[in-house]
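*Asks:* Please build the complete structure, drawing on both the sequences and the hints.
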Amino acid sequence: MAQPRRASLAVQVCDDLSARIEAGELRPGDKLPTEKELITRYGVSRTVVREAISSLRAAGRLSVEQGRGMFVLAPPQAPHYRLEASQIDTAEEMLRLIEVRVALESEAAWLAAQRRGEAQAAALLQAAERFGTDPADADGSVAMDRTFHLQIAGCCGNAYFEALLAGLPAQLVPRSRLELFRDAEARAAYLRILRIEHVQIATAILHGDAEGARAAMRLHLLNSRERLREAVSAFAAG
13 MAQPRRASLA VQVCDDLSAR IEAGELRPGD KLPTEKELIT RYGVSRTVVR
63 EAISSLRAAG RLSVEQGRGM FVLAPPQAPH YRLEASQIDT AEEMLRLIEV
113 RVALESEAAW LAAQRRGEAQ AAALLQAAER FGTDPADADG SVAMDRTFHL
163 QIAGCCGNAY FEALLAGLPA QLVPRSRLEL FRDAEARAAY LRILRIEHVQ
213 IATAILHGDA EGARAAMRLH LLNSRERLRE AVSAFAAG
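The working numbering applies: residue 13 is where the sequence shown begins, and numbers increase by one.
Derived from the structure by calculation, the hints contain no laboratory data.
Heads up, the beta-carbon is just placed ideally off N, CA and C, and yes, glycines get one too.
Be aware that one or more of the hints could be misleading.
[Stated by the list, open to error] Computed beta-carbon distance windows for the label pairs: (1) R127 <-> R239: 24 to 32 Å; (2) G81 <-> S57: 33 to 41 Å; (3) E104 <-> A200: 27 to 35 Å.
*Replies:* Listed below in structure tokens is the structure:
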């Protein structure tokens, strides 16, 4: 497989693995190549591979068994919702989508705080603290953001939350659609704000604070909506 463009690495890795599963090259019960082997095969980072795997897990196509590896699952019986990036053409549509995410992910965070395992909670906090530590790696930050939100859905104990969130393509993350920042300092400051918000969400989930997790997620997404509005206005003003 030719190396995919950086702007859609995780999506293309996920799509390629899905195609191999659909074609029968990888059958239910087959063990997937290791993370290291996938990194070598696709020529991408560990973050990108993990995001692709998270998407496949959320879609019910893979299982991860501690100490054994990743295995292909039989196709899920229930249909899964998927929204293509091409369907979201305007900033106004992106803002409407964020409204849907507020409703969906606030409740996901509330459930995650009650149902998460200890290892899940610890991994979630670690992911939050690592987010955006390399401002120059915009694609890595987008992938880590998506993975963080998928991890929360995975803590819910409800596969429908995972399937719905996995159906939103990575390109819908606002900063992956707009060149919001033209200098490293502004981007670093932006990522620091997001990291603080992620840590607040993860900390509430770790402590089992369901109401706090819901409030933190709601605030995070509403802030994202306002940041997008401001960015669109600034972009239009030149």
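*Asks:* If any of the earlier hints don't hold here, list their numbers in rising order.
*Replies:* 2
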